[in-house]
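Those sequence lines, one after another, are chains Y and B.
Numbers 1 to 551, taken from full-length UniProt numbering, label the letters of the first sequence in order.
Numbers 1 to 551, taken from full-length UniProt numbering, label the letters of the second sequence in order.
Derived by calculation from the structure, the hints in this document are not laboratory data.
These numbers come from a predicted model, not from an experiment.
Treat the hints with care, since some could be wrong.
Where chains are identical, the list cannot tell them apart; a pair therefore holds if satisfied intra-copy or between any two copies.
Stated by the list, open to error - The list that follows gives simulated cross-link-like pairs (lysine to any residue, SDA-like), each with its CA atoms no further than 25 angstroms apart:
id, residue 1, residue 2
1, 511, 71
2, 472, 530
3, 148, 405
4, 295, 522
5, 315, 259
6, 472, 187
7, 295, 267
Here's the letter readout for the chains.
2 protein chains.
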Amino acid sequence: MNILFIMYDQLRFDYLSCAGHPHLHTPNFDRVAHMGVRFSNAYVQSPICGASRMCYYTGRYASSHGAQWNGFPLRVGEQTIGDHLRKLGMDCWLIGKTHMVADADGMARLGLSADSTIGARQAECGFDAWVRDDGLWGEGPDGFYDEKRSPYNEYLKGKGYDSENPWADYANAGIDDEQIASGWMFRNADKPANIREEDSETPWLTSKTIEFIEEHDGPWCAHVSFIKPHWPYIVPAPYHNMYGANHIPQPRRADVERDDPHPVFGAYMENKVASAFQREEVRQKVIPAYMGLIKQCDDQLGRLLDHLENTDRLKDTMIVLTSDHGDYLGDHWLGEKDLFHEQSVKVPMIIYDPRSAADAARGTTCDALVESVDLAATFVEAAGGKVPDHIIEGRSLIPWLHGEVPDWREYAISEYDYSATPQAVKLGLRPRDARLFMVFDGRYKLMHAEGGFRPMLFDLQTDPDEFNDLAKGGKHHPEMDRLYDMLAQWGRRMSQRVTRSEDDIETMRGKSGRRGILPFMYDGSEVPDELTVKYRGTVRQDHVKGDDKGS
Amino acid sequence: MNILFIMYDQLRFDYLSCAGHPHLHTPNFDRVAHMGVRFSNAYVQSPICGASRMCYYTGRYASSHGAQWNGFPLRVGEQTIGDHLRKLGMDCWLIGKTHMVADADGMARLGLSADSTIGARQAECGFDAWVRDDGLWGEGPDGFYDEKRSPYNEYLKGKGYDSENPWADYANAGIDDEQIASGWMFRNADKPANIREEDSETPWLTSKTIEFIEEHDGPWCAHVSFIKPHWPYIVPAPYHNMYGANHIPQPRRADVERDDPHPVFGAYMENKVASAFQREEVRQKVIPAYMGLIKQCDDQLGRLLDHLENTDRLKDTMIVLTSDHGDYLGDHWLGEKDLFHEQSVKVPMIIYDPRSAADAARGTTCDALVESVDLAATFVEAAGGKVPDHIIEGRSLIPWLHGEVPDWREYAISEYDYSATPQAVKLGLRPRDARLFMVFDGRYKLMHAEGGFRPMLFDLQTDPDEFNDLAKGGKHHPEMDRLYDMLAQWGRRMSQRVTRSEDDIETMRGKSGRRGILPFMYDGSEVPDELTVKYRGTVRQDHVKGDDKGS
Chain Y
1 MNILFIMYDQ LRFDYLSCAG HPHLHTPNFD RVAHMGVRFS NAYVQSPICG ASRMCYYTGR
61 YASSHGAQWN GFPLRVGEQT IGDHLRKLGM DCWLIGKTHM VADADGMARL GLSADSTIGA
121 RQAECGFDAW VRDDGLWGEG PDGFYDEKRS PYNEYLKGKG YDSENPWADY ANAGIDDEQI
181 ASGWMFRNAD KPANIREEDS ETPWLTSKTI EFIEEHDGPW CAHVSFIKPH WPYIVPAPYH
241 NMYGANHIPQ PRRADVERDD PHPVFGAYME NKVASAFQRE EVRQKVIPAY MGLIKQCDDQ
301 LGRLLDHLEN TDRLKDTMIV LTSDHGDYLG DHWLGEKDLF HEQSVKVPMI IYDPRSAADA
361 ARGTTCDALV ESVDLAATFV EAAGGKVPDH IIEGRSLIPW LHGEVPDWRE YAISEYDYSA
421 TPQAVKLGLR PRDARLFMVF DGRYKLMHAE GGFRPMLFDL QTDPDEFNDL AKGGKHHPEM
481 DRLYDMLAQW GRRMSQRVTR SEDDIETMRG KSGRRGILPF MYDGSEVPDE LTVKYRGTVR
541 QDHVKGDDKG S
Chain B
1 MNILFIMYDQ LRFDYLSCAG HPHLHTPNFD RVAHMGVRFS NAYVQSPICG ASRMCYYTGR
61 YASSHGAQWN GFPLRVGEQT IGDHLRKLGM DCWLIGKTHM VADADGMARL GLSADSTIGA
121 RQAECGFDAW VRDDGLWGEG PDGFYDEKRS PYNEYLKGKG YDSENPWADY ANAGIDDEQI
181 ASGWMFRNAD KPANIREEDS ETPWLTSKTI EFIEEHDGPW CAHVSFIKPH WPYIVPAPYH
241 NMYGANHIPQ PRRADVERDD PHPVFGAYME NKVASAFQRE EVRQKVIPAY MGLIKQCDDQ
301 LGRLLDHLEN TDRLKDTMIV LTSDHGDYLG DHWLGEKDLF HEQSVKVPMI IYDPRSAADA
361 ARGTTCDALV ESVDLAATFV EAAGGKVPDH IIEGRSLIPW LHGEVPDWRE YAISEYDYSA
421 TPQAVKLGLR PRDARLFMVF DGRYKLMHAE GGFRPMLFDL QTDPDEFNDL AKGGKHHPEM
481 DRLYDMLAQW GRRMSQRVTR SEDDIETMRG KSGRRGILPF MYDGSEVPDE LTVKYRGTVR
541 QDHVKGDDKG S
């Protein structure tokens with residue numbers, strides 16, 4: 001069996017028709033949901049690109065692997081799905097974005113060169129890179145945001161797009177009176193991107209994926225990782241005006257949220273992207289573009305599924321559709337992601353398992369509390385292995401996919417390290433204090449903030465919109481203690497004993513006695529003779545008397 | 001300045017005259033205490049050889065580095081004092097024991113060969129090994145406990161000791177009617193070890209240390225790590241009978257401890273070594289030998305200090321005297337270490353800083369709550385560096401050594417993973433549930449036990465003997481909440497963000513905008529022109545119309 005691990009960037013959980021969107025029709029996402037299981041309560045372990053992805057790729061929480069924000073390198077030696085799957089004879093390939101930053105210092109410290117296979121895999125977060133392109137080719141006075149090569153820009157140049165940075169000038173810009181109308185500016189979101197639709201990012205990466213599949217026998221896991229619908233919010237015709245004012249929901253926000261808000265929430269509500277999304281003209285421009293980008297993703301998914309179907313590969317390919325985090329789009333007075341409201345931290349999670357054991361659950365929705373770290377465990381089990389649960393902190397979803405009801409977690413955790421953001425500066429926080437923790441039991445959602453702040457608390461049963469912070473004004477709500485106990489229990493988890501599995505330890509027990517470690521004997525009668533035989537015999541030399549007898 | 005980081009194994013905090021021992025006179029330990037500062041409240045982060053040492057050598061808690069018990073390899077890539085000090089131009093050498101187990105799987109995964117400098121240092125816990133000898137050459141039907149070479153055994157053979165394992169047959173055995181009287185058997189503890197005193201372990205390692213000092217210019221940190229007074233409890237003449245019945249204290253234990261004990265404590269009280277030490281004849285044999293071993297350590301320390309003095313090296317050598325854990329010796333109905341009573345988890349910590357800034361504090365006792373992980377921070381600061389507090393979890397003791405009163409911790413933490421022991425089997429625990437946590441605020445000591453057990457709680461102010469478990473019978477003591485809050489706070493600590501320091505993050509802040517990441521603009525007027533200049537200009541090709549104009 002092969003695994004197609006498909007990730008979209010910044011795709012909200014509710015912007016799919018199978019998740020109930022009233023206007024955005026995504027028949028191909030729905031098709032996979034119909035073939036498999038749609039998990040309706042899936043949460044990422046950090047609602048920001050880099051950290052979320054590191055959690056997916058290691059199967060470990062952000063504070064277990066330490067790559068807690070964008071640009072924080074994943075420490076050398078941290079094990080990834082590539083490591084686990086290759087041990088089981090399954091290759092692990094990348095097509096697209098990871099946001100991985102290599103631990104160059106660590107690699108140098110261990111003498112790993114980036115051009116060895118081992119070094120390259122360390123630098124690529126455990127993947128063999130078919131295509132590595134993180135999709136954001138921003139450029140400013142200090143240079144490119146991403147200093148690696150861009151296969152996508154090279155493709156565009158090869159197709160005749162006349163620019164040093166065609167990603168910026170064509171794929172992510174429209175035209176306004178013969179001037180480049182950059183997609184960085186929301187004003188331009190409703191313009192068609194100045195590119196042939198088939199050359200835009202999503203079709204390009206889909207073509208690379210089809211090419212990969214045609215050239216590789218399995219078993220493989222391929223991480224197909226699209227940049228869209230992440231900003232810049234601009235999409236080529238015909239998607240740019242497929243949606244309009246009639247399709248834009250009212251923002252889900254309430255005045256009460258702005259009244260004595262949690263200080264961290266308050267700082268975010270005042271930041272630049274939040275201020276932008278508080279303006280209705282921004283939402284009116286951006287949301288149709290965002291929907292158009294998703295529609296294009298759905299059409300391209302259809303192209304990929306058709307290819308699998310036409311080549312009879314659906315029968316041996318597991319398919320996962322997910323996202324690294326959501327997008328507020330003006331809900332809660334915010335833009336972007338970062339915090340823990342559903343719009344940000346909850347993601348689509350649709351999984352198709354082709355095996356007959358999964359027949360019973362096809363087309364169902366599962367509301368178990370899923371964490372993104374569960375995918376690593378799921379892939380190991382799908383590849384025929386035993387989940388190394390002293391390393392991978394997630395749990396395999398295979399039982400759910402097979403219609404079983406396993407023992408399951410009582411709460412989901414997510415974390416956010418905002419130390420590198422203006423909000424941390426605004427709040428006057430030392431970097432290590434700019435950290436948030438979410439504990440969600442399926443009904444109550446607690447956000448703990450380091451740095452001496454009060455928490456936030458929502459009851460999603462009575463307040464599904466998460467407008468009423470029950471911890472406002474420092475109120476102590478009875479459910480807080482229970483959720484703080486869960487957070488404390490999670491804080492005591494065993495996350496670093498990565499060199500000894502549970503089985504290893506059970507095997508170790510009682511062995512040292514058979515190797516002469518016997519520190520509890522009075523006279524040796526306590527143990528069988530064979531254990532003490534090496535400590536007996538006639539003395540050969542007597543050094544006490546200073547008299548070295550011969551033997 | 002050089003650093004002599006001297007560690008004894010299993011040396012109780014109170015078996016020194018400067019700590020108040022009424023009979024054991026240790027003038028050389030006292031001499032260093034008089035030259036420097038004696039820390040009277042120093043705690044190890046795991047009261048067992050292997051895990052304690054890994055904490056010392058990384059400056060990190062056991063659940064941060066994961067090498068939580070004897071034989072658990074320290075994961076490849078984990079940074080050690082060797083890494084930190086070499087960056088500052090200070091070599092880092094080993095003379096003696098570390099109990100380090102190399103992460104062979106991890107090294108293979110990263111292609112590190114054990115015979116490269118990098119690989120050797122990984123395998124030796126970051127040290128360059130002048131002498132590596134872990135001091136326990138037990139042998140049983142399954143072979144040697146330690147499969148590495150033994151420089152000490154090689155030395156003894158070279159000196160004519162006739163045996164395949166002279167450590168067992170001579171250094172750690174006496175003579176009983178011409179038979180080997182093994183030191184593994186407590187019955188033999190009062191016999192003189194069958195070896196010339198100058199060839200026994202402590203003098204041998206001291207000679208190797210003096211040799212090292214003579215051959216190495218600084219700056220260096222040398223970890224001089226003795227096996228004694230760890231068992232086998234046997235010592236050569238004249239030390240074997242220097243102490244006797246008059247010098248053995250009553251065991252510090254009470255019947256109330258055995259009444260409805262905490263299940264983990266109860267399991268330990270029933271184990272073999274505890275049962276042995278509950279017999280007064282065992283204490284009568286062992287304790288004088290233990291004292292003799294310490295007396296020999298003190299005499300040899302004197303030899304080393306005299307050498308430093310005679311070669312005028314005291315003026316540029318920092319000296320640290322400490323231990324990896326204690327020894328119950330029958331107190332609390334126990335033998336060995338493992339749990340968190342003072343006899344086990346508290347250690348000597350005597351530090352001499354030769355610099356004039358330390359003059360003000362010479363000869364003083366400091367009762368600040370010290371953790372063994374503080375030494376790594378202390379050494380980095382002593383070597384002239386800034387403590388990498390995103391990696392090292394301890395705090396530098398230099399301020400205390402210089403007579404200052406820095407902001408300090410409110411509680412000390414220790415952990416114990418007993419998953420590989422018979423007690424975990426007896427209690428029917430999964431390995432990951434066999435874990436204990438200590439939180440000590442200087443007065444109240446809480447022991448939390450995973451696996452669903454109640455905690456233990458002591459008030460050392462009203463019950464300095466730690467006989468009265470305030471949590472017995474599941475009682476909820478008001479102080480528990482406060483200590484559990486401390487444990488929860490510690491559980492949220494940032495321990496894995498090892499690739500980005502606080503300074504790195506402060507430097508990162510706000511930089512992406514200057515590299516073209518501008519996801520919040522309506523029309524570009526929000527930022528200076530220089531940030532958007534790359535996104536402007538005349539369109540060269542119009543792909544919207546399908547009409548590629550020339551430029």
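Here is how each hint holds up against the structure:
For the identical chains of this complex, residue 511 and residue 71 are inter-copy neighbours only, at 11 angstroms across copies versus 45 angstroms inside a copy, given an alpha-carbon limit of 25 angstroms. In the homo-oligomer, the alpha carbons of residue 472 and residue 530 never lie at most 25 angstroms apart, since the shortest distance is 69 angstroms inside one protomer and 42 angstroms across protomers. Taking identical chains as interchangeable, the C-alpha atoms of residue 148 and residue 405 are never at most 25 angstroms apart, the minima being 45 angstroms within one chain and 49 angstroms between chains. In this assembly of identical chains, the alpha carbons of residue 295 and residue 522 lie at most 25 angstroms apart only when taken from different copies (24 angstroms versus 78 angstroms within one copy).
Proximity of residue 315 to residue 259 under the C-alpha cut-off of 25 angstroms is found in neither arrangement, the shortest distances being 54 angstroms within a copy and 64 angstroms between copies. Taking the shortest alpha-carbon separations for residue 472 and residue 187, neither the intra-copy value of 36 angstroms nor the inter-copy value of 68 angstroms comes in at or below 25 angstroms. In this assembly of identical chains, the alpha carbons of residue 295 and residue 267 never lie at most 25 angstroms apart, being 33 angstroms within a copy and 63 angstroms across copies at closest.
Violated hints, listed in ascending order, are 2, 3, 5, 6, 7; each of the other numbered hints is respected by the structure.
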